[in-house]
Structures are given as structure tokens and as C-alpha cells.
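Asker: Sequence:
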Amino acid sequence: MNLKNIFSHTPCFCRSDILNPNAYPRFPPPPPEELLSRSSYYNNLLSQRENLAPPDSPTDTPLFALYRLYEHLVLNRTTGLRNELERFWFNKWPVSSIPDPQDHSEPARYAVLACIPALMALAFNKRIELGIPRRADAIMSMEEIEKYRNEERVYEQVPQWTLSVKPLQAILKIPHDGGETLESFDDKRASPQLREKNILCWQPHIHFI
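Residue numbering for the sequence shown follows my numbering, starting at 9 and increasing by one per position.
Note that these hints are calculated values from the structure, not bench results.
Hints may be right or wrong, so weigh each one.
Mimicking DSS-like on lysine-lysine, the simulated pairs with C-alpha atoms at most 30 Å apart in a straight line are [unchecked claim]:
#	residue 1	residue 2
1	K174	K196
2	K196	K155
3	K100	K134
4	K181	K196
5	K196	K134
Here are the simulated distance ranges between beta carbons [claimed, not checked]:
#	residue 1	residue 2	range
6	Q56	F98	17 to 27 Å
7	D145	Q165	41 to 51 Å
8	H112	I217	33 to 43 Å
9	Q110	M148	32 to 42 Å
10	E160	Y49	46 to 56 Å
11	K100	I153	12 to 22 Å
Where is the CB? At the ideal position from N, CA and C, for every residue including glycine.
Please construct the entire structure, taking both the sequences and the accompanying hints into account.
Answerer: Here it is as C-alpha cells:
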């Protein structure tokens, strides 16, 4: 999917973008280096976001969700990250359905994007293991809970394109709280999923109730 061509329909003008230019800050978002170099600025922009999709798209999609997760991950926005994971879960989109953004022009951004489905599968499969299937509603009766617990588990899989994205040549370090970065992949706090693409970062808080 070419990012330059994903919006080909007439823009939707019945949204808050007209009143608030930051209702959807930018698509695609900047590469990690830019987000990190101006983290306060981009955190402020994201705090003003009112819409889930850019102005010229009428609905949310798995691809837009992937890029929102990317922003929250790079900027260490834990609450935003978990909220987006929960939103994706209740949209009932399979993780494997996330399309390849083919973001070849920005290797670092593409590498981070390619790691996120593995984190999603880890979070979702934990819930599935506990007997909460993707089709379950947010509020369940005791009868439904018992029924789901006795069903065969259907686990999430990562999309195949993520496996073909090459690791970065140089380590990308994503800071944690207070700007602290890890020094080595040997640190037990380092994310195994991000390490696959040579990205050194704390394991994100991905589990939600």
C-alpha cells in the first residue's frame, strides 16, 4: 500500500478539523527521530487529537490504528497505547489483517510499525488464554464467561509482512520516563519484540483489563 495513494475519495468536511487544525495532527506521523527530538511538541499535538482518521477518510481502519499505536509507543504514552490496544480489540479486527504500509521511505518508522503487531498479539493472546475471545462484549454475563472459558482458543497471528521487514542497521533507542534509555539488549527490561528489528526500548505496558 502506497501511503501517497491511500486517500482517493472526496474529503469529509463534517468534522472538527475545520475548527481545530490539530484534530488529526498529521498522517503519516513523523519518523521516530523527529518525534523524539521534539517530544513535548508532538505530545501536545496528540493531546489535541479529536479524530481517529485523517480529514480525507470517513472511518477508522487497522492501518490508521497501527500508526496511532506507533506514535504512542515512540513517545512513551502508556495510557494512549493501552487505549488504542483496547479500541483495536473491540473493533474485532484480526491482528493479521493489518495491511503492509510499505513505508520504505522511512526505515526506522517502518521497523517500529513492523514490531507493533507482535506486541498486539502478545497482549490479545493473553486475554484469549484467559478465556476472553475477540468476539466477547465488554460486559459479559456469568453464563457467557463460563461458555467462553470452555471453548477452544483461537489465537492471534502477526501479519506476514512484518517478518520480511529488515532490522535497522544501527540501534534505535527509544527513551522511557525521564528520557532514560537502556544501554543493552541484555537488560531484562528490553522488549524482545522490538529487539527483532534492532530497537532498544523498555517492554511497553500492553496488557489491559
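Asker: Next, verify each hint and record whether it holds.
Answerer: Outcome of the hint check:
1. K174 <-> K196: holds (23 Å)
2. K196 <-> K155: Distance of about 37 Å is beyond 30 Å: violated.
3. K100 <-> K134: holds (16 Å)
4. K181 <-> K196: holds (15 Å)
5. K196 <-> K134: holds (20 Å)
6. Q56 <-> F98: 17 to 27 Å: holds (24 Å)
7. D145 <-> Q165: 41 to 51 Å: violated (23 Å)
8. H112 <-> I217: 33 to 43 Å: With a Cβ separation near 37 Å, H112 and I217 satisfy 33 to 43 Å, so the hint holds.
9. Q110 <-> M148: 32 to 42 Å: holds (39 Å)
10. E160 <-> Y49: 46 to 56 Å: With a Cβ separation near 48 Å, E160 and Y49 satisfy 46 to 56 Å, so the hint holds.
11. K100 <-> I153: 12 to 22 Å: holds (18 Å)
Checked against the numbered hints given earlier, this structure breaks hints 2 and 7; the rest are met.
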